Amino acid sequence: MTNATDIAIKITGMNKYYGAFHALKNINLEVKKGERVVVCGPSGSGKSTMIRCINRLEEHQDGTIVVMGTELNDNLDNIDEIRREAGMVFQHFNLFPHLTVLENCTLAPMLVRKESRKDAEATAMEFLEKVKIPHQAEKYPGQLSGGQQQRVAIARALCMKPDIMLFDEPTSALDPEMISEVLDVIVSLAEDGMTMICVTHEMGFARNVANRVIFMDEGEVVEQNSPSEFFDNPQNERTKEFLSQILGH
Amino acid sequence: MSAEVSFGRKVRRDFFATPLDSVITLAFSALLIYLLYGVLSWGIFNAIWGGDSADVCRADGAKHGACWTVINVRWRLILFGLYPYEEQWRSAIACMVILVTAVLSCIPYFWTGKRLALTWISGFAAFYLLMKGGILGLPLVVERDWGGLSLTVFIFSSVAMIGMPMSIVIALMRRSKLPLIARPTAFLIDVTRSLPLLSIMFTAAVVIPFVLPQWLQGDKLYRIIIGFAIFFAAYQAEIIRGGFQAVPSGQEEASAALGLNYWQNLWYIMLPQVFRAALPPTINQFVITFKETSLVVLIGFFEVLASGAAAFGTAEWKFAYKEVYVFVGLIFFVFVLSLSRYGAYLERRLSVEQR
Ligand SMILES: Nc1ncnc2c1ncn2[C@@H]1O[C@H](COP(=O)(O)OP(=O)(O)OP(=O)(O)O)[C@@H](O)[C@H]1O
Ligand SMILES: [Mg+2]
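Taken in sequence, the protein lines are chains A and B.
The first sequence: position 102 = 102 (our numbering), numbered continuously.
The second sequence: position 245 = 245 (our numbering), numbered continuously.
I should point out that these hints are in silico values taken from the structure, not numbers from a laboratory.
Keep in mind it's a predicted model, so treat the numbers as computed, not measured.
It cannot be assumed that every hint is accurate.
Straight line, CA to CA, 25 Å or less: simulated PhoX-like cross-link-like pairs of lysine-lysine [stated by the list, open to error]:
{"#": "1", "chain 1": "A", "residue 1": "Lys118", "chain 2": "A", "residue 2": "Lys33"}
{"#": "2", "chain 1": "A", "residue 1": "Lys32", "chain 2": "A", "residue 2": "Lys10"}
{"#": "3", "chain 1": "A", "residue 1": "Lys25", "chain 2": "A", "residue 2": "Lys10"}
{"#": "4", "chain 1": "B", "residue 1": "Lys114", "chain 2": "A", "residue 2": "Lys118"}
{"#": "5", "chain 1": "B", "residue 1": "Lys114", "chain 2": "A", "residue 2": "Lys114"}
{"#": "6", "chain 1": "A", "residue 1": "Lys161", "chain 2": "A", "residue 2": "Lys139"}
Anything over 12 Å on all C-beta distances counts as not near chain B; from chain A, calculated [what the hints assert, rightly or not]:
{"#": "7", "residue": "Ile7"}
{"#": "8", "residue": "Glu81"}
{"#": "9", "residue": "His92"}
{"#": "10", "residue": "Val112"}
Glycine included, each C-beta is placed from N, C-alpha and C at the ideal position.
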């Protein structure tokens with residue numbers, strides 16, 4: 001049995017509605033510190049909604065979500081606390097176009113973590129180094145390729161020194177030749193022991209990097225298993241169908 | 001292909017492609033040359049430049065073009081209105097102060113909340129001290145006697161300075177998620193926009209004194225400026241709301257995910273992008289507002305157009321109204337042109353950043 005302090009995220013009996021539409025149905029999920037979870041499933045199955053509930057970009061209606069020991073409720077301090085602990089990377093990067101790459105990375109640490117500009121810039125350069133674009137620090141996002149922008153977005157999230165990283169289809173807006181440069185960065189984060197939940201359809205990545213793969217359909221977690229079991233021996237019919245669609249042909 | 005086309009070929013292609021094209025081109029060129037010749041011969045070739053009285057222009061055998069003598073003789077009235085003659089240097093400096101303040105705040109170095117606020121507060125304070133006087137040995141000149149270009153520039157920049165923050169607040173209220181705030185705001189915007197500016201100015205000048213206690217009224221000039229600013233803000237708020245809609249929703253999500261709070265998100269993420277998106281219509285709004293300042297003449301203020309009218313309002317200069325209007329027109333032209341050139345510069349600069 002795991003010790004409570006080993007748990008990064010614990011979701012219990014969570015439901016989410018958009019008006020009358022039941023988007024997430026009784027989600028139960030536990031992610032241990034250092035664990036790497038890949039979430040997959042057909043379009044509209046609620047993958048984005050689920051990870052967006054974890055940092056309160058979407059509000060859940062019942063059940064509990066506990067992130068690094070802090071419960072997500074209407075207490076604004078808790079929300080702030082959780083947003084500091086969980087970094088997020090979006091499908092469309094969402095870099096701030098009016099700020100340079102460096103400013104994108106230093107803004108939140110200075111405003112939210114109250115770091116001095118000097119410290120924030122030092123940290124930012126360190127992470128830009130890690131994602132291999134230190135030379136673009138003075139450029140604006142619009143001057144970078146998609147792959148470079150996504151790596152900046154990862155660096156920007158890392159600058160807040162989060163314990164958990166949430167990725168929502170980080171490579172699906174990228175041209176094929178840029179996908180690996182972004183995945184490489186995520187793999188290197190995994191090697192450092194970062195806790196992460198990654199929504200992706202990159203099955204090679206899931207197989208090699210994940211500790212666990214979760215399959216969602218119609219707002220439910222249908223199946224979860226270790227990558228080898230999940231891919232080689234799927235249990236549920238819907239999982240089999242999904243896998244044959246995306247791996248097959 | 002077009003890059004290699006020679007000038008001659010290009011002209012032939014664009015203007016003389018068919019016989020009809022050729023006829024139209026020739027006809028319009030002739031008209032253009034005729035008009036241009038008329039303007040130049042009136043304004044320059046046959047114009048009278050010097051002299052200190054209308055007699056120079058009315059003498060037998062005098063050239064029959066423009067009589068710029070009127071500007072020579074009356075320019076101080078046009079630029080300073082009824083401001084006392086010996087004190088007009090104050091009005092000139094005050095006008096410069098506001099212009100310098102405006103130019104400074106166009107420079108990116110001043111684009112922080114603190115620097116902008118400081119520049120404009122000191123600019124307005126200096127303007128007010130110089131214009132009004134009453135201390136430091138400067139004789140008192142009440143607002144009623146302010147006039148000419150300084151008044152125009154003062155009204156315009158006050159309206160912009162008060163109206164701009166007001167429009168941001170209104171736009172935010174209009175966007176509020178609480179219907180109790182958003183709905184009434186929308187209603188008030190619509191009401192204000194449906195009123196003619198003139199009626200708002202009359203209300204501010206004439207009606208307010210019956211409604212507010214004496215000590216709250218302030219001078220008529222300031223009431224008009226506030227009314228004008230509210231009118232400006234109603235329009236500008238809608239422009240800003242459009243700017244908000246142009247910012248992708250991912251921006252707000254990214255800043256929330258990084259832990260920025262409402263105000264930080266607004267100040268550092270949203271507003272800079274909102275103003276970029278709203279820049280062209282905002283410049284347009286400034287241009288319109290600058291020209292609308294001339295409406296204050298109807299409430300009894302001598303802004304530059306009105307003091308121009310006074311300049312040919314004597315028996316001696318009655319005939320020289322064209323010259324005065326051209327001169328005042330040029331002043332407006334210079335201001336509006338600088339505004340729109342500056343807007344174009346900003347757009348270019350920002351598009352480099354954003355691409
Ligand atoms: N703001 C919203 N309002 C109403 N319905 C929404 C909203 N956002 C998402 N939904 C619905 O919730 C369901 C789950 O959406 P979600 O974006 O989580 O799917 P997803 O699994 O991430 O899909 P994709 O792979 O296409 O990104 C979908 O049916 C979607 O239409
Ligand atoms: Mg999604």
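Just pull the numbers of the violated hints for me, sorted ascending. Per hint list: 1, 8, 9, 10 violated.
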